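> Chains as they are written, first to last, in numbering that gives the first Met the number 0: chain E, 0 to 441; chain L, 0 to 441; chain P, 0 to 441; chain A, 0 to 441.
Worth flagging that the hints you see were computed from the coordinates, not collected in a lab.
Do not rely on the hints blindly, as some may be mistaken.
Remember, identical chains collapse to one label, so a pair may be satisfied in a single copy or spanning two.
The calculated DSBU-like cross-link candidates involving lysine-lysine, where the alpha carbons are at most 35 Å apart (straight line), are [to be verified]:
| no. | residue 1 | residue 2 |
| --- | --- | --- |
| 1 | Lys247 | Lys55 |
| 2 | Lys236 | Lys176 |
| 3 | Lys236 | Lys400 |
| 4 | Lys176 | Lys247 |
| 5 | Lys176 | Lys55 |
| 6 | Lys55 | Lys236 |
| 7 | Lys55 | Lys403 |
| 8 | Lys400 | Lys55 |
| 9 | Lys379 | Lys55 |
| 10 | Lys379 | Lys247 |
Computed from a prediction, not measured in an experiment: that's the story for all the values here.
4 protein chains.
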Amino acid sequence: MFSLPRLSRSATPTPTPRERARQIERVLEGSRRLLSERGEANSVAIASEVLAELAKLHPEGWVEFCGVLDADFAPDPGRVLHAAERYAAEPSASHLIALTAAAEPPRQELLRRLSRAPGGTALIVALRRVLLDALRSRPELAAVEADFLHLLGSWFNAGFLQMEQVDWRSSAALLEKIIHHEAVHAIDGWADLRRRLQPDRRCFAFFHPQLPGEPLIFVEVALVPEMPAAIAPLIDKQAAPRGEREFKVAAFYSISNCQPGLRGVSLGNFLIKRVAEHLQREFPQLRTFCTLSPIPGFADWLLRRSQQQVERDGLPPRVAERAHAARALLAGRHGADLAALVSGIAPEAADAELRDALLTLAGFYLAHESVLPGGDPVAKFHLGNGARLERLNWAGDLSRKGLKQSLGIMVNYLYALEEVEDNHDRFVHGEVVSARRIARLL
Amino acid sequence: MFSLPRLSRSATPTPTPRERARQIERVLEGSRRLLSERGEANSVAIASEVLAELAKLHPEGWVEFCGVLDADFAPDPGRVLHAAERYAAEPSASHLIALTAAAEPPRQELLRRLSRAPGGTALIVALRRVLLDALRSRPELAAVEADFLHLLGSWFNAGFLQMEQVDWRSSAALLEKIIHHEAVHAIDGWADLRRRLQPDRRCFAFFHPQLPGEPLIFVEVALVPEMPAAIAPLIDKQAAPRGEREFKVAAFYSISNCQPGLRGVSLGNFLIKRVAEHLQREFPQLRTFCTLSPIPGFADWLLRRSQQQVERDGLPPRVAERAHAARALLAGRHGADLAALVSGIAPEAADAELRDALLTLAGFYLAHESVLPGGDPVAKFHLGNGARLERLNWAGDLSRKGLKQSLGIMVNYLYALEEVEDNHDRFVHGEVVSARRIARLL
Amino acid sequence: MFSLPRLSRSATPTPTPRERARQIERVLEGSRRLLSERGEANSVAIASEVLAELAKLHPEGWVEFCGVLDADFAPDPGRVLHAAERYAAEPSASHLIALTAAAEPPRQELLRRLSRAPGGTALIVALRRVLLDALRSRPELAAVEADFLHLLGSWFNAGFLQMEQVDWRSSAALLEKIIHHEAVHAIDGWADLRRRLQPDRRCFAFFHPQLPGEPLIFVEVALVPEMPAAIAPLIDKQAAPRGEREFKVAAFYSISNCQPGLRGVSLGNFLIKRVAEHLQREFPQLRTFCTLSPIPGFADWLLRRSQQQVERDGLPPRVAERAHAARALLAGRHGADLAALVSGIAPEAADAELRDALLTLAGFYLAHESVLPGGDPVAKFHLGNGARLERLNWAGDLSRKGLKQSLGIMVNYLYALEEVEDNHDRFVHGEVVSARRIARLL
Amino acid sequence: MFSLPRLSRSATPTPTPRERARQIERVLEGSRRLLSERGEANSVAIASEVLAELAKLHPEGWVEFCGVLDADFAPDPGRVLHAAERYAAEPSASHLIALTAAAEPPRQELLRRLSRAPGGTALIVALRRVLLDALRSRPELAAVEADFLHLLGSWFNAGFLQMEQVDWRSSAALLEKIIHHEAVHAIDGWADLRRRLQPDRRCFAFFHPQLPGEPLIFVEVALVPEMPAAIAPLIDKQAAPRGEREFKVAAFYSISNCQPGLRGVSLGNFLIKRVAEHLQREFPQLRTFCTLSPIPGFADWLLRRSQQQVERDGLPPRVAERAHAARALLAGRHGADLAALVSGIAPEAADAELRDALLTLAGFYLAHESVLPGGDPVAKFHLGNGARLERLNWAGDLSRKGLKQSLGIMVNYLYALEEVEDNHDRFVHGEVVSARRIARLL
């Protein structure tokens, strides 16, 4: 996580409950002062004091602080109701202004004032990270969380984000963070990273003026002659870099968020499109912008799914039959459970029937399940961005993780600029747009 | 005004009403698309289109567009009322989230999405400038204006502003803007500016990442041995720069806003305090941070005020008497109306009685009227920032403008860090904190 | 002149002869120490001390110092002769190394060591400026001057110079120096400069890492549709900038040296070619690179030249006749000397005969006299760079200075990349390459 | 080695002798053209062509090229002798100028002109690297080499070098070069480097404008409470960084040259002093600037030295005896030759007599042999810089290399600013200044 300017938390011993209570009280007192008219003239100074106190509280104390935000800094129900009634009776400008003022939770203004001091925004992002983790055990904090998201969404707006290329000229401090945050295909040290920053591999990150030096999200791209079907060649440390003349396809092969405290703030969609625009300008010969993506939820889904479900849930007979065949084959061959079996699969030699069955099921999973809650998150992301389900690739990822999650299958999503808006619209209404070959498969 | 990236408005002929209607329709259609789920995946591209259309409309069309924002993008009264009733019945997190969503005018989200595209924030600032001008004739747009202010206040938050020193190494493009925007003591060309950027004069400006190269506000400071009593020596082009050892007082002698579209967004208060902090670090020997300010409303106020008013409004007898004496003197001497007289005043020779009367009246005006609506704006600004009314200076500004506005009187406001919060609080409650000598005067 | 880091000369009163002698002694003592083996380990510190002492001496003392360099830091004649004899007897590597060491004046190493300290190079440039001025009265310092030139030529080598575009985004400090140093067509304040930095006017300067912020030389270029015939339109403050599509010709209309201490170091030739290369890359449509230049020596030459000389010096009869005609006409019309007459000339109305005579004489002057010592310096510069004498323009410069120096005539020199080397070679051998129309003229 | 801009050498197949001859011919023809008057106007273009041809020749061709520089671009013996005779007869300015011109080898001007083109200086540095390697088999090229050194020494003058701190914010491209070039205590990957760039370890490098991104030399410094006696704690990857308050001593523990082509150009002396100055400013509490250095020549010297030599060469009897005792002990214990024995030494347990003998011999070696040709290069460097021989440390470096080269002994050299000049002077005259404890030891 990023450092909080001027705030040190390192050596503080765990406070006693009594100390904790006093600390919370100090934060609260400062917050009230900051929000009062009295605090207006001096708000940066007061905000700095509150931030310093908050920094000492981390992390249990932060959850308590959020509890106070919920209890003491929410809109007054009676005042809102009154304002809503007046606005309903006569929707005038002054009634609307009064309503808006009454309905906005005062904690929003509190957070805005905290963000005025150096390190304020960074601390708010850090706070939200803790809050998100706490939500499971304290669901009543959902409205507080919604306020954090609302403000961060406004501040980390696409227009405020700065895209920068990450390459071998970047600082070691930044590159170290890239290695640390890569979440899809782990970077195995500096030599691995170095290959991923050669001229035929690109890496772009979003930064925000309030978090200097901190990447928010980054994407890795391979510039290749054809839409790639397997990940290994793209991340092969030994591969010789290709020349510019061979760049026909830009394949996004990894995208990683770096700030858990910004979960839910739309960043990836904007980054992919800004990178595509940038690369198109740099290399006008680029014809195709696609991904090479994992299907992290596929194996789990297949294992959880009984034969009855497969049939009952309206799967076409041909697919249902193949699901059965796939399982029979898998079970028959090894007499073990599917997960173990998959780990031992030798994909090149896989007999055609098993292979076809699994590809069809993967296609079904992506085309039908990704619109449902709990569907594959990577599919949801790219299809939600307006990409098209373009191609399934057998034996695309033979790493342990790839076999375990997707039985080694990978997928290309295609970003066709002129289709994006329409595809997204159809996806929102429950339809996944696929290439013809996938439609035929199902 | 700043330039709008990618948008050109120069050569467009005035459109016919029919064309205008079609243009508005296009903006509206784009806005709806941008705000719809459909637009989500492609929002930067759609926002760019809407911005391009909006740029063609300027300026009458912008007011019409604001009218549409008022009519079509306001919260639904029935839905808000329903949400407020549920929240009042049971103030749960989900009810609050629903309420907040229902109460926020949809145009806020529209503006947030517009700001995602390059030039979006700049256009929103430009739009608000036109909107502010239009409010007089179209007061019903007040709620739309409140939404603009709300968003700009969040984005042009003190934490997001970058303070930079402006000096002779700054680009000519920036310095030209400083000359243009200086609103208090006009800068008479490059030689004048050059003197104001010597080591014993400082200039600092706020910038925002979304308006690169555009100063938002700037302040000019003189580093001097004593609290200054007159403006002429501070802006004398020929004055030899003083050495660092003589810097005891930092006197803010001019502060100018550059962006009318950001009126009402708190910038000056933060700038003054950040500059004071910066200078204190650079020159630890600085003891005093004060202003040398005009009193732009004084002469007007005195002219408008009848003797009856002076007495009736509770002025102490001594002051009322002197107001009378002052007028009598003034009237007797020239037999002309006050305004003409003042223009001809020879301040050094002013006889003591007139001088004392006018200083007392100025003190009264600042100490009592500045807390009222319509009071002196400069006094309101500094006192509201928590400064103290420190000293009145006879013959402080003998320029035509200085004589006309303040009868040549200037005032020092004192920023004492440890008092700022308390002074502000007392000002909010109707009390002006003054130095003892001013209290005695009254 | 540029500032000398850490050295202040401002308030030092003129020293007495005795003080001066002591100062010189200190500089000398430091110089010997710096040059000794003893000084090697500590040379930056010692060099800094010597520089500080030198800075106090300026300027008469600098000339004395140069006198000491001449007397005490020259090669030892006996030692050189001995080394030369041995080398002549056997031209081995060791004999050559010994010879080179013996023949190099020790002051060269002294200056190299002085340049190791901060501000050293700047002071050496400043010293040479004074030395150049002193040469007239102290011609015996020519060898010292040659050493300065040798070292500065090596350090201010084209490969070490950084070319930067000067535009409205440049710092005011730099632009002020541009205004100050413009030597051909004076810049009349900031508004004039601003026009010369619009997109269809360019300015480029050379900088050196050792003189940060100090332009060494700069050139101004107009991007225009045709080879220009007159200066006024190029420097017209009111002229509307042209669009890129009209850029066909890059016309260098002014080139100014900023550092008198670098006289004789080749800068202009490199700058023009680097700028041409740069512009050709930026605007591939550019077809022609030429100048629009004054002929500063023409009027003087014509006045000094008697009719006998014109005839005797081998001028073709046609030209000689016209010289006569020109003078007769001029004399007849005004009965005054030529200089006065020229100041009053009304070029548009000039009758064709006079005009033709003067153009022919200017062509002759440029084509024949510029190869001689004392010929027109601007012609020498461009022709020596390998440019071609392309076109003469009547009434090209109607300013006072233009009329006085060149009778208003201007000239275009053409830089044709493929000809440059050959043209230069012919110029060195006494031939000026001209366009056919000029050859015909003569 | 650094890259040569615009020049690629990668895929060129080995040329036939005939091709090689033609290539050399082209380089030579270009060089003559570049040096001729004809080339003057176009020298950057011609220099670029010659550089491109030269780049194809590398490396055997480069040696041939140097042979041509020796044969064809040397001063003319007859002309020099004539000039020397005239100067000896009358040492006037014009005679001196003529002499200097005649004595300077024309290849110096050729190299200066080559350096005008982009990449010229880089190629000259690369050429010299090859030339230095070739000198052993072609000693007649020494005079050519001297010319290279002369020019590079002038260009890579301390005043032209830029010192920059290298830290974790530096680019990965630079850090990779630091890892590669570290020559004293090898850097074992990025984690090792990271520790050496923490706040209590510093790294500074010199750069030159003509070799952007290329470190010329760098030094590593430890900020510690006491003069260090062993290297292991300084380069321990796990060591916790110390706080600023503990910084009392700056210990230079490694200095590495990166450019073999700059051998003999004084860089290290200047770097150490500039770093010391910089650190003293940053941490005024620093009291001591010293090194912790290996003695790379000690073991070799001891092995090569017979007992007779030890006695004959005037070693004090006490030392001679100990040398004998040391050998006897060493021989007796292991019955093997010294080198093998030393590799197995267990320094902590070494009995006192052996230890004392070896320390005394090391002290003798440093104090007496380092002034002789072939003496310890590290001692020569620091003592020549004016440092003092301060302390010998038993078991200072237990690495394989440390045991093999110095029998594990390390030495501190002390840089005391006020002594540097005097120490250097005494060193030049054959005396090594030592701390009293070392003097006593001998």
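> Determine for every hint whether it applies to the structure shown.
Hint check results:
1. Lys247 <-> Lys55: Classified as between: cross-chain Cα gap 32 Å, same-chain 53 Å, threshold 35 Å.
2. Lys236 <-> Lys176: both (19 Å within a copy, 20 Å between copies)
3. Lys236 <-> Lys400: For Lys236 and Lys400, both the intra-copy (19 Å) and inter-copy (32 Å) Cα distances are at most 35 Å.
4. Lys176 <-> Lys247: Both. Shortest intra-copy (30 Å) and inter-copy (33 Å) distances satisfy the 35 Å Cα cut-off.
5. Lys176 <-> Lys55: within (25 Å within a copy, 41 Å between copies)
6. Lys55 <-> Lys236: Between copies, since 30 Å is at most 35 Å while 44 Å is not.
7. Lys55 <-> Lys403: neither (42 Å within a copy, 53 Å between copies)
8. Lys400 <-> Lys55: neither (39 Å within a copy, 49 Å between copies)
9. Lys379 <-> Lys55: Neither, since 39 Å and 38 Å both go past 35 Å.
10. Lys379 <-> Lys247: For Lys379 and Lys247, the Cα distance is within 35 Å only inside one copy (26 Å; across copies 54 Å).
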